[in-house]
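Peer 1: Produce the complete structure using the sequences and hints provided.
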Amino acid sequence: MEKRTLTATTEDAGTRLDSFLAGRLEGVTRSAAARLIESGCVTVDGKPAGKSVRMAGGETVCVLLPEAEEPEARPEDIPLDVVYEDSDVIVVNKPVGMVVHPAAGHPDGTLVNALLHHCAGNLSGVGGQLRPGIVHRIDRDTSGLIIAAKNDAAHAFLAAQLADHTLRRTYECLAVGNFKEDSGTVDAPIGRHRTDRKKMAVVPDGRRAVTHWAVLGRYKGVTHLQCRLETGRTHQIRVHLAYIGHPILGDTVYGAKKPVSGLTGQCLHATGLEFIHPATGEKIILTCPLPEEFTKMLAKLERQK
36 MEKRTLTATT
46 EDAGTRLDSF
56 LAGRLEGVTR
66 SAAARLIESG
76 CVTVDGKPAG
86 KSVRMAGGET
96 VCVLLPEAEE
106 PEARPEDIPL
116 DVVYEDSDVI
126 VVNKPVGMVV
136 HPAAGHPDGT
146 LVNALLHHCA
156 GNLSGVGGQL
166 RPGIVHRIDR
176 DTSGLIIAAK
186 NDAAHAFLAA
196 QLADHTLRRT
206 YECLAVGNFK
216 EDSGTVDAPI
226 GRHRTDRKKM
236 AVVPDGRRAV
246 THWAVLGRYK
256 GVTHLQCRLE
266 TGRTHQIRVH
276 LAYIGHPILG
286 DTVYGAKKPV
296 SGLTGQCLHA
306 TGLEFIHPAT
316 GEKIILTCPL
326 PEEFTKMLAK
336 LERQK
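Residue numbers (the numbering used here): 36 to 340.
Watch out, some of these pointers could steer you wrong.
Said to hold, decoys possible - The calculated SDA-like cross-link candidates involving lysine to any residue, where the alpha carbons are at most 25 Å apart (straight line), are:
{"id": "1", "residue 1": "Lys-234", "residue 2": "Ser-87"}
{"id": "2", "residue 1": "Lys-318", "residue 2": "Ala-198"}
{"id": "3", "residue 1": "Lys-233", "residue 2": "Lys-293"}
{"id": "4", "residue 1": "Lys-335", "residue 2": "Ile-320"}
{"id": "5", "residue 1": "Lys-234", "residue 2": "Leu-251"}
{"id": "6", "residue 1": "Lys-233", "residue 2": "Glu-107"}
Keep in mind the hints are simulated off the structure, nothing from the lab. As the structure is a prediction and not an experimental result, all values here were calculated from the model.
Peer 2: Pasting the structure below:
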């Protein structure tokens, strides 16, 4: 069992104990937190407490977490939209809703499971058992291009490009609101959210994050953007656009809490990928079309002009 000690702040005042734990413990849902409380694994200021007890601020909450069972990545025959493939790398157009690698709550049906089947297990081992071949990630509800390495040498070469920004990634998205300028850059550090550990945020002590954006189209209350990542932080585009007051349409984590009709997730798609091939030294430039949901939303916005 792992012991975690948490301190409630004044911002937590009024929050139920189960909600407090779900917000502070990564990967723990409110229902899972309730089960921990009911099983006697949680104390507040040294005493057992019910799941509906509300924080006042200043309490010390101790949690005993059972050892997590590591999911095992197994090959699964899941269709893939392969954009480019050779003996060293594979680039896939990932659909909305697909998780990149197995994790708690998502033991199968992931891109890794599909790649293990498609590549017959020929993926680099640099990322470990659960992330074979994975050089970078995109969110479950973000679609588009993602590259994987088939051997360790290719993985190391691509990872170096990711670090020095020569592996270029371009996205398109629909952002809420109207932009005054035609282009710009958000240079703001990103780290874990102070109170909601499942979210990222712009924080003073975060890691440097840079997103370049340019307007592709303007609609009523929505702007079509192209975004280029200079760095690759978790949820970077989503956090940066929300930070400047223009969250991505359909993003229920960093934007409006209600889903947008016609969208499965946030309207964010990785349209372009540029890298130097690890074996040939050739520059590879790849693009993929916008998904159907995105194009339908653009058509709807065009009609509303």
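Peer 1: If you check each hint against the structure, which ones fail?
Peer 2: Numbers 4 and 5, in rising order.
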